[in-house]
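With the hints as extra help, turn the sequences into a complete structure.
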Amino acid sequence: MNFVMPDFYPAIPEMFLLAMACVILLVDLVLPPSRRWLIAFLTQATLVGCAILTFATADGQVVLTFSNMFVDDLLSDFLKLLVYFSVVIMLVYSRSYLVARGLEKSEFYLLVLFATLGMMVMISASHFLSLYIGLELLSLSLYALVALDRDSARATEAAMKYFVLGAMASGLLLYGMSMIYGATGTLEIGGVAQAIYHGVANKSVLIFGLVFLVSGLAFKLGVVPFHMWIPDVYHGAPTPITLFIGSAPKLAAFAMALRLLVYGLFELAAEWQQMLMILSVLSIAVGNLAAIAQTNLKRMLAYSAISHMGYMLLGLISGVVGGDRHFALNAYSSAMFYTISYVLMSLGTFGMILLLSRAGHEAENLDDFKGLSQRSPWFALMMGILMFSMAGVPFFVGFWAKFAVLLAVVDTGQVWLAVVAVFFSLIGAFYYLRVVKLMWFDPPLDSAPLEAGFDMRLLLSANGLAVALLGAFPQAIMTLCTFTLLRSL
Amino acid sequence: MIASYLLSLSIWLPIAGALVVLATGSDRSPGTTRWLSLVFALLGFLVTVPLYTGFDASKSAMQFVETVPWIPQYNINYFLGVDGISVLFILLNSFITVLVVLAGWKVIQKKVAQYMAAFLVMSGLMNGIFCALDAALFYVFFEASLIPMYIIIGVWGGPNRVYAAFKFFLYTLAGSLLMLIALMYLFLQSGGSFNILEWHTLPLAMPAQTLLFVAFLVAFAVKVPMWPVHTWLPDAHVEAPTGGSAVLAAIMLKLGAYGFLRFSLPIAPDASHALSGMMIALSLIAVIYIGFVALVQSDMKKLIAYSSISHMGFVTLGFFIFNQIGYEGALVQMISHGFVSAAMFLCVGVMYDRMHSREIADYGGVVNTMPKFAAFFLLFAMANCGLPATSGFVGEFMVALGAIKYNFWVGFAAATTLIVGAAYTLWMYKRVAFGAIGNKHVAELADIDNREFLVLGLLALCVLGMGLYPFPFTDVMHASVDHLLKHVAISKL
Chain A
1 MNFVMPDFYP AIPEMFLLAM ACVILLVDLV LPPSRRWLIA FLTQATLVGC
51 AILTFATADG QVVLTFSNMF VDDLLSDFLK LLVYFSVVIM LVYSRSYLVA
101 RGLEKSEFYL LVLFATLGMM VMISASHFLS LYIGLELLSL SLYALVALDR
151 DSARATEAAM KYFVLGAMAS GLLLYGMSMI YGATGTLEIG GVAQAIYHGV
201 ANKSVLIFGL VFLVSGLAFK LGVVPFHMWI PDVYHGAPTP ITLFIGSAPK
251 LAAFAMALRL LVYGLFELAA EWQQMLMILS VLSIAVGNLA AIAQTNLKRM
301 LAYSAISHMG YMLLGLISGV VGGDRHFALN AYSSAMFYTI SYVLMSLGTF
351 GMILLLSRAG HEAENLDDFK GLSQRSPWFA LMMGILMFSM AGVPFFVGFW
401 AKFAVLLAVV DTGQVWLAVV AVFFSLIGAF YYLRVVKLMW FDPPLDSAPL
451 EAGFDMRLLL SANGLAVALL GAFPQAIMTL CTFTLLRSL
Chain B
1 MIASYLLSLS IWLPIAGALV VLATGSDRSP GTTRWLSLVF ALLGFLVTVP
51 LYTGFDASKS AMQFVETVPW IPQYNINYFL GVDGISVLFI LLNSFITVLV
101 VLAGWKVIQK KVAQYMAAFL VMSGLMNGIF CALDAALFYV FFEASLIPMY
151 IIIGVWGGPN RVYAAFKFFL YTLAGSLLML IALMYLFLQS GGSFNILEWH
201 TLPLAMPAQT LLFVAFLVAF AVKVPMWPVH TWLPDAHVEA PTGGSAVLAA
251 IMLKLGAYGF LRFSLPIAPD ASHALSGMMI ALSLIAVIYI GFVALVQSDM
301 KKLIAYSSIS HMGFVTLGFF IFNQIGYEGA LVQMISHGFV SAAMFLCVGV
351 MYDRMHSREI ADYGGVVNTM PKFAAFFLLF AMANCGLPAT SGFVGEFMVA
401 LGAIKYNFWV GFAAATTLIV GAAYTLWMYK RVAFGAIGNK HVAELADIDN
451 REFLVLGLLA LCVLGMGLYP FPFTDVMHAS VDHLLKHVAI SKL
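Residue numbers (this note's numbering), protein chains in the order written: chain A, 1 to 489; chain B, 1 to 493.
Hints are computed from structural coordinates only; laboratory data are not their basis.
Any given hint might turn out to be false.
Unchecked claim - List time: in silico BS3-like cross-link candidates among lysine-lysine, alpha-carbon distance up to 25 Å: (1) B:LYS430 <-> B:LYS440; (2) B:LYS110 <-> A:LYS370; (3) B:LYS106 <-> B:LYS302; (4) B:LYS486 <-> B:LYS405; (5) B:LYS492 <-> B:LYS59; (6) B:LYS167 <-> A:LYS370.
Okay, here's the thing in C-alpha cells:
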C-alpha cells in the first residue's frame with residue numbers, strides 16, 4: 001500500500017481554522033484574564049481569514065480530495081461563507097451578554113471555532129464518514145456550549161437532554177449509513193448514487209437504511225416528531241448559544257440533507273419525499289400551534305424554528321414528480337433560499353433578545369418586549385420588521401422565502417399541500433403579530449435604557465434592514481442559490 | 001419626462017415622505033411634523049392630478065405604463081399602469097390622505113410622526129395596489145398595506161383596539177393567502193408569467209376557473225366585505241381612530257371590489273357567469289339584511305360601518321349583472337362612497353373629539369350648538385341615503401337601473417335600500433342633531449373651527465359636484481368598462 005499525498009488545496013480554510021484554533025489555545029495559556037478581548041479578536045480574525053481563503057480558493061470546479069472524502073464545490077464555498085458570516089454576527093451579538101455574566105471564557109470561543117469547523121466539514125463532506133465526523137464535531141461542541149453556564153441547573157438539564165437525544169440521533173444516522181453500506185458496498189456518497197443507479201443495491205435494505213437516515217437528519221433539522229429537544233435546548237441554553245444553535249447549524253443541516261438525499265439517494269427521491277412530506281406537514285402544524293401557547297420568547301422562537309424547518313422541507317420534497325426531474329433545481333434552490341432567509345431572521349430576533357438583556361436581567365419573556373416602541377422606537381421597528389418577515393408578510397425576505405417554496409410545491413401539482421402550509425402560516429402570523437402588539441400597543445413594564453454597545457447596535461440595525469432590503473430585492477440571493485446549485489449538482 | 005414616472009411617484013413619494021417625517025419628527029415639535037406631513041400628502045396628491053388630466057379617455061388600454069424587471073427568477077416585473085377603472089381610485093386615495101392628515105391635526109398628540117407616517121405609507125401602498133399590473137407586485141402591495149393599518153388601529157385606536165387590530169389583520173390575511181396560491185397556479189398555467197393582462201386572455205377549463213374564482217372570492221369578499229365575512233369591519237371601524245376609519249371605508253374596502261374587476265371577472269369569466277346567482281344573492285343579503293342591522297345600532301361608527309357594508313353590496317351587485325350601466329354605476333358608487341363614508345366618519349370624529357362618545361343616546365340637539373357642523377352632517381347623511389343631487393344618488397340609481405334591466409325583482413330588492421338607508425341614516429341624524437339639547441355636554445359643544453370646516457367643505461364640494469355633474473367621473477371609465485364587459489362576455493373555455 002503506497003501513500004499518496006492528498007491535495008490539500010481545497011481544504012485550506014479548514015486547515016487554517018484548525019491551526020488558528022490551536023494558536024488561540026496556546027495564546028490563552030499565557031494571556032492574563034484582563035486581555036481576554038484578544039481572544040475574541042483572534043476568533044473574529046480567524047473567521048474573516050477563513051472567509052478570505054474560501055473566497056480566494058473558490059474556482060467553481062468540483063474538486064474531490066482526501067480519497068474522495070472531501071468535496072470543494074461552489075455550493076460548499078457559498079454555504080461556508082454564510083456560516084462564517086453568521087458566526088461572526090453571533091459573536092458580536094453575544095459578547096456583552098457573556099461578559100456581564102462572567103461567561104466570556106476562552107472555551108466559548110474555542111468551542112465555537114470547533115463547531116464551525118464541524119459545520120465546514122459537514123458542508124464539504126462527500127463521504128458518510130467525513131459527514132459523520134463533521135456532525136459529531138459540531139454536536140459535541142454544541143453540547144458543551146449549552147452547558148457553558150455550569151451553575152445553571154436549567155442549562156445543564158438542557159445540555160443533558162440535548163446530549164442524550166443527540167447521541168441517539170447520531171446512532172440512528174450511523175445505523176442508516178451502515179444499512180446503505182450493506183446494500184451498496186460503499187460509503188462514498190457519489191459511489192452510493194452510482195450503485196443505486198446501476199440497480200446493484202438491494203432496494204428493501206436501502207429503504208430500511210433510508211428510514212434511519214431520514215430520522216437522524218430530521219433530528220438534526222429539528223422537525224416533528226424528532227423536535228422534542230428544540231424547545232428545551234433553546235430555552236435552557238444561554239441566549240448567545242441559542243442564537244448560535246438557531247443560525248449557522250441550520251445551514252450545515254441543510255447541506256447535510258442535500259448531500260445525503262440529493263447527492264446520494266436521488267434515485268430514491270420518491271421514497272424520501274414521502275417521508276419528508278409527513279415530517280414537513282407535522283412540523284408546520286405542531287410548530288405553529290405550539291408556539292401560540294408560549295410565554296417565553298425563546299421557547300416561542302424554538303417552535304417557530306420547527307415550523308420554519310417544515311417550510312424549508314417543502315422545497316426539498318418538490319424536486320421530483322413521478323420521475324420527472326426538471327423541477328429539481330428550482331425546488332432545491334427555493335429550500336436553500338428559505339434556509340438562508342431563516343438564518344438571517346433568526347440571527348436578528350435572538351440578537352434582539354440579547355439587546356434587551358443586561359446584567360441580572362434576561363429579556364427572554366414575551367412581556368419584556370412590552371412597550372419597546374416607547375423605549376427605543378428604532379429597535380422596535382427592527383423587531384417589527386423581523387416579526388413581519390417571519391410571519392411571511394411582504395416586503396420582507398420571509399415573504400419571498402415562503403413564496404419560493406410554495407411556488408415549488410404548487411409547481412408539482414400538490415396544491416392541497418400549499419393550502420395546508422398557507423393555513424398554518426396564518427396561524428403562525430398570530431403569534432408574530434402578538435410580539436408586534438406587545439411592542440407597540442402596550443405600555444412598557446421596564447424603562448431601563450438599552451445598554452448595548454455601538455457595534456451591536458450597528459450590526460443589529462444592519463441585520464434588520466437587510467431583512468427589509470432583501471425583501472425588496474431578493475433576486476441577488478435567489479440567483480446565487482440557483483447558480484451555486486447548478487454548478488455543484 | 002416626469003410623466004412617465006407619475007405612477008411610481010404617486011407610490012413612492014408618500015412613502016419617502018413618511019420616512020422623512022419619521023426621521024425628523026418628535027413629539028416635542030409636533031407642529032413641524034404636521035406641516036411636513038401635510039406637505040407630503042399634498043405633493044402626493046399633486047402628482048396624481050396629471051394622471052387625470054393627461055388621461056386619454058378614448059382608449060381602454062393601460063396608460064402611464066412603467067415596466068422594469070424586478071425578480072427575473074420568477075419573471076416578476078415592476079409593471080404599473082392605469083386604465084379608466086383604476087385611475088380615479090388613485091386620485092381618491094391621495095385626496096383622502098390629505099384630508100386624513102388634516103383631520104388628525106389636533107386629536108393626535110402622542111406619536112404624531114408615527115401616526116402621520118403610517119398614513120403616508122398606507123397611501124403609497126394603496127396607490128401601488130391600484131396600479132400594479134403584475135400579480136406578484138399587486139399581492140405584495142395588497143398584503144403590505146395591512147401592516148400600517150394594523151399599527152394604526154392598535155396604537156391610536158379605542159379601548160378594544162387590540163382585538164380589532166388582530167381580527168382585521170388575520171381575517172384579511174386568511175383571504176389573501178388563498179389568493180396567493182391562486183396567483184401561483186395562474187403563473188404556472190400561463191407558462192411563467194405574472195402579467196395580469198396576459199392572464200386575461202389565458203384559456204382556462206371550467207373547474208380551474210371555478211376554483212380560481214372561489215379563491216379570489218375569499219380574498220376579495222373579506223376585503224369588500226361581503227356578507228357573511230364582514231364581521232371584522234364593524235370592529236375595525238369602531239376601534240380605529242377617525243382617520244383610520246375614513247381610510248378604511250373610503251379606500252381599503254374598494255380594494256376588494258377593484259380586485260373583482262381586475263382578477264375574478266376577466267380571468268374567470270365563465271365561472272363569474274355561472275356563479276353570478278350566488279354573488280347577486282350575497283350582495284342582496286348585504287344590501288337588505290345589513291341595512292336592517294344598521295338600523296338597530298346604538299353606536300354611530302358601528303352604524304356607518306354597517307351602512308358601508310350595505311353600500312358595498314350595491315357595488316358587488318353591479319358587477320354581477322353584466323351590463324354597462326351596472327358596472328359604471330358600481331364604479332361611481334365606489335367613488336361616491338369613498339367621499340361619503342369618509343365624510344361621515346370624519347363627522348363622527350368631530351363630535352367624538354369633543355364628547356368622547358360615539359353613542360347616539362349621548363347626543364341630541366347638536367344643531368343648536370353646532371349649526372355649521374349640523375349642516376354639513378345633514379348633507380352627508382342625505383348623500384348616504386342617496387338623495388338626488390348628491391353623489392350617493394348617481395351610483396345607486398345606475399345600479400338599480402341595471403339590476404332592473406337584468407331582472408325586475410333583483411332591481412326591486414336592491415332599490416329597497418333607498419328606503420332602509422334613509423331610515424337608518426336619517427333616524428340617527430334626527431336623534432343626534434335635532435330635538436332639545438340632550439345634556440349639559442352637548443350644551444357646551446363648540447362649533448367646527450376653520451380646519452374642520454375646510455375638511456368637511458372639500459368633501460361637501462365633491463359630494464355635491466359629483467351628484468350634480470357626474471360626467472367627469474363616468475367619461476373616464478366608459479372605454480375601459482366597455483372593454484371589460486366585452487371581454488367578460490367572451491367564453492374562455
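Structure-inconsistent hints, enumerated in ascending order: Hints that this structure does not satisfy do not exist here, as all of them hold.
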